[in-house]
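Q: The residues making up each chain are set out below.
Protein chains: 4
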Amino acid sequence: MKLEFSTQVRVRYVDCDQSGFVYNGNYATFYEVGRSESLRQLGHTYKQMEDDGIVMPLVNQYSRFYKPAFYDNLLTVVTRIAEIPKARIRFEYSIYNEKNELINEGYNELIFLNPEKVRPMRAPEWFVNLLQNHLDS
Amino acid sequence: MKLEFSTQVRVRYVDCDQSGFVYNGNYATFYEVGRSESLRQLGHTYKQMEDDGIVMPLVNQYSRFYKPAFYDNLLTVVTRIAEIPKARIRFEYSIYNEKNELINEGYNELIFLNPEKVRPMRAPEWFVNLLQNHLDS
Amino acid sequence: MKLEFSTQVRVRYVDCDQSGFVYNGNYATFYEVGRSESLRQLGHTYKQMEDDGIVMPLVNQYSRFYKPAFYDNLLTVVTRIAEIPKARIRFEYSIYNEKNELINEGYNELIFLNPEKVRPMRAPEWFVNLLQNHLDS
Amino acid sequence: MKLEFSTQVRVRYVDCDQSGFVYNGNYATFYEVGRSESLRQLGHTYKQMEDDGIVMPLVNQYSRFYKPAFYDNLLTVVTRIAEIPKARIRFEYSIYNEKNELINEGYNELIFLNPEKVRPMRAPEWFVNLLQNHLDS
Numbered sequence: 034m035k036l037e038f039s040t041q042v043r044v045r046y047v048d049c050d051q052s053g054f055v056y057n058g059n060y061a062t063f064y065e066v067g068r069s070e071s072l073r074q075l076g077h078t079y080k081q082m083e084d085d086g087i088v089m090p091l092v093n094q095y096s097r098f099y100k101p102a103f104y105d106n107l108l109t110v111v112t113r114i115a116e117i118p119k120a121r122i123r124f125e126y127s128i129y130n131e132k133n134e135l136i137n138e139g140y141n142e143l144i145f146l147n148p149e150k151v152r153p154m155r156a157p158e159w160f161v162n163l164l165q166n167h168l169d170s
Numbered sequence: 034m035k036l037e038f039s040t041q042v043r044v045r046y047v048d049c050d051q052s053g054f055v056y057n058g059n060y061a062t063f064y065e066v067g068r069s070e071s072l073r074q075l076g077h078t079y080k081q082m083e084d085d086g087i088v089m090p091l092v093n094q095y096s097r098f099y100k101p102a103f104y105d106n107l108l109t110v111v112t113r114i115a116e117i118p119k120a121r122i123r124f125e126y127s128i129y130n131e132k133n134e135l136i137n138e139g140y141n142e143l144i145f146l147n148p149e150k151v152r153p154m155r156a157p158e159w160f161v162n163l164l165q166n167h168l169d170s
Numbered sequence: 034m035k036l037e038f039s040t041q042v043r044v045r046y047v048d049c050d051q052s053g054f055v056y057n058g059n060y061a062t063f064y065e066v067g068r069s070e071s072l073r074q075l076g077h078t079y080k081q082m083e084d085d086g087i088v089m090p091l092v093n094q095y096s097r098f099y100k101p102a103f104y105d106n107l108l109t110v111v112t113r114i115a116e117i118p119k120a121r122i123r124f125e126y127s128i129y130n131e132k133n134e135l136i137n138e139g140y141n142e143l144i145f146l147n148p149e150k151v152r153p154m155r156a157p158e159w160f161v162n163l164l165q166n167h168l169d170s
Numbered sequence: 034m035k036l037e038f039s040t041q042v043r044v045r046y047v048d049c050d051q052s053g054f055v056y057n058g059n060y061a062t063f064y065e066v067g068r069s070e071s072l073r074q075l076g077h078t079y080k081q082m083e084d085d086g087i088v089m090p091l092v093n094q095y096s097r098f099y100k101p102a103f104y105d106n107l108l109t110v111v112t113r114i115a116e117i118p119k120a121r122i123r124f125e126y127s128i129y130n131e132k133n134e135l136i137n138e139g140y141n142e143l144i145f146l147n148p149e150k151v152r153p154m155r156a157p158e159w160f161v162n163l164l165q166n167h168l169d170s
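Protein chains in written order, with this note's numbering: chain A, 34 to 170; chain B, 34 to 170; chain C, 34 to 170; chain D, 34 to 170.
Just so you know, the hints here were simulated from the structure itself, not pulled from any lab data. Note that the coordinates shown come from a computational prediction; the quantities given were computed from them, not determined experimentally. Fair warning: there could be bad hints in the mix.
Pairs of lysine-lysine, DSS-like flavour, derived with a Cα cap of 27 Å [as the list claims (entries may be wrong)]:
| # | chain 1 | residue 1 | chain 2 | residue 2 |
| --- | --- | --- | --- | --- |
| 1 | B | K150 | C | K100 |
| 2 | D | K132 | C | K150 |
| 3 | D | K100 | C | K150 |
| 4 | B | K150 | B | K80 |
Examples of chain B residues lying across from chain A (beta carbon under 10 Å, computed) [unchecked claim]:
| # | residue |
| --- | --- |
| 5 | Y46 |
| 6 | D48 |
| 7 | D50 |
| 8 | Q51 |
| 9 | S52 |
| 10 | G53 |
| 11 | F54 |
| 12 | G58 |
| 13 | Y99 |
| 14 | F103 |
| 15 | L107 |
| 16 | Y140 |
| 17 | F160 |
| 18 | N162 |
| 19 | Q165 |
Idealized CB from N, CA, C, for every residue including glycine.
Can you build the whole structure from these sequences, using the hints too?
A: Written as structure tokens, this is what we have:
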């Protein structure tokens, strides 16, 4: 099975700026929801990861905006994990509107920080296994 | 001297929703800036307070919206500390636009949480002294 | 039937500040979701209202914070419309965490602005009828 | 003279997430402040541009995160306009913390939409002149 997950977000009034379009910075939040719900679909949560003391800051992020999203749109966020992570994990995102038009694509890379938040670490073994098991299933 | 402080915030594009008005929830942020800059004008910072392990969550908040604020407006946030705090501290806010019209008034009350964030505590003595010294000056 | 509606929001990482608690200003967004989903449950949407040229700015908002909400919590937002609106509409909110503890209560009042956004108007007749029909059902 | 402008932003409590770091999506807001204050330093404002009916949505955005930013940090946002725009304009950003460490770099490209927000247009002539005059000065 592929490491590809799908979830939906409803655009809120607060998400749109005065142009009527979703403000560009809010796509970072849609990506966050995509990551978060992907982990949940894998049977884990990012909350549990943080409870284990692991923080995952971004090292980069790229986004292409094809079409605007509007208030009350029900967007579909497709999230892919490109490959089993070592020191960093790459997520790729495709966002579709209700007409199934691709409105945004992007990716970002995150690292794993140890509990003291000062030293990068490798992806935890249980996490790698979780992804590998899903790929093999 | 009164415990009254003034600071300015420039309305950002992200602050406005598609009505063209500043989104109501963002006034909470303007209040936060008002509190934060008041402490700085008193010679302290909320950051130092957190470094000492004290967290100050809100227990309530009230806001009246008289006139909308718009993108790029330079707002003046006047923050008052009503009285020397004991277990909770009350901040009052008046926000003016560039025509000096009162566009928003509000207040909120915050408590002092000990470092473990589970038990309310009284206002730290040094903080009470800081306010008292300002009042007496 | 009462004008009481229930919906759920999942707390996002972006919603929480460095205390680990949901930032107070974000409750305004939870209230917005409560209003928006209430209208949808009534068979209408706030989007359609805006498409008809009506904008509904807040005139006031009050919030009491009983307990913090945390990242990944699935909150239940109960929204009540206190009475059939005339010139303004009052929404009341109760937010519960997953243990069914009441963590936040609040209300706000909104007015109806005509399409030019300069003059308040009475609640549209079709909207009053929609609420009345729900009450009578 | 180069098309390079500098402005400062104070990190707010609302900007930081529970890791204590500024949430990644908020760098888009810092970039917005950078663009907005660059135009102001050129003697114009983005507000005037919108008053003329021009909206400038993003077509892409890239960001690299080198070091975290923290609550109450006073960040310096350096904004560069790479070249005189034709159909799209490219902004480049470098963000420094108070130790003058480069913590974030990024760029984005925006297009010019005509007032009906449906058709891209070329950069307005007065805007091109404004940039050219600054370069020549």
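Q: For each hint, tell me whether it holds in the structure or not.
A: Hints, one by one, checked against the model:
Restraint check for K150 (chain B) and K100 (chain C): satisfied, since their Cα atoms lie roughly 11 Å apart, inside the 27 Å limit. Taking the CA atoms of K132 (chain D) and K150 (chain C), the gap is about 47 Å. The hint is violated against a cut of 27 Å. For the suggested pair K100 (chain D) and K150 (chain C), the alpha carbons sit about 44 Å apart, so the restraint of at most 27 Å is broken. Between the alpha carbons of K150 (chain B) and K80 (chain B) the distance comes to roughly 16 Å, so the proposed pair stays at or under 27 Å and holds.
Because the closest C-beta pair between Y46 (chain B) and chain A is about 5 Å apart, less than 10 Å, the hint holds. Annotation: interface hint on D48 (chain B) holds; nearest CB of chain A at approximately 9 Å, less than 10 Å. The criterion of a C-beta within 10 Å of any C-beta in chain A is met by D50 (chain B), whose closest approach is roughly 5 Å, and the hint holds. For Q51 (chain B), the interface hint holds, since its Cβ comes within 10 Å of a Cβ in chain A; the closest pair sits about 5 Å apart.
Here the hint on S52 (chain B) is kept, as its CB sits about 8 Å from the closest CB of chain A, short of 10 Å. The interface hint given for G53 (chain B) is met, as the beta carbon of that residue sits about 5 Å from the closest beta carbon of chain A, less than 10 Å. At a threshold of 10 Å, the smallest CB-CB gap from F54 (chain B) to chain A is about 8 Å, leaving the interface hint in force. Nearest Cβ of chain A to the Cβ of G58 (chain B): about 6 Å, under the 10 Å cut. The hint holds.
Hint on Y99 (chain B) is violated. Least Cβ distance to chain A is approximately 20 Å, over the 10 Å limit. For F103 (chain B), the interface hint holds, the least distance from its beta-carbon to any beta-carbon of chain A being 8 Å, beneath 10 Å. Restraint check, L107 (chain B) versus chain A: the minimum CB separation of about 17 Å is more than 10 Å; hint violated. Interface hint status for Y140 (chain B): violated, as the beta-carbon distance to the closest one in chain A is roughly 23 Å, over 10 Å.
At about 28 Å, the closest approach between the beta carbon of F160 (chain B) and any beta carbon in chain A exceeds 10 Å, and the interface hint on this residue is violated. For N162 (chain B), the interface hint is violated, the least distance from its beta-carbon to any beta-carbon of chain A being 34 Å, above 10 Å. Contact between Q165 (chain B) and chain A, as hinted, is not supported at the beta carbon level, the nearest pair being about 37 Å apart and thus beyond 10 Å.
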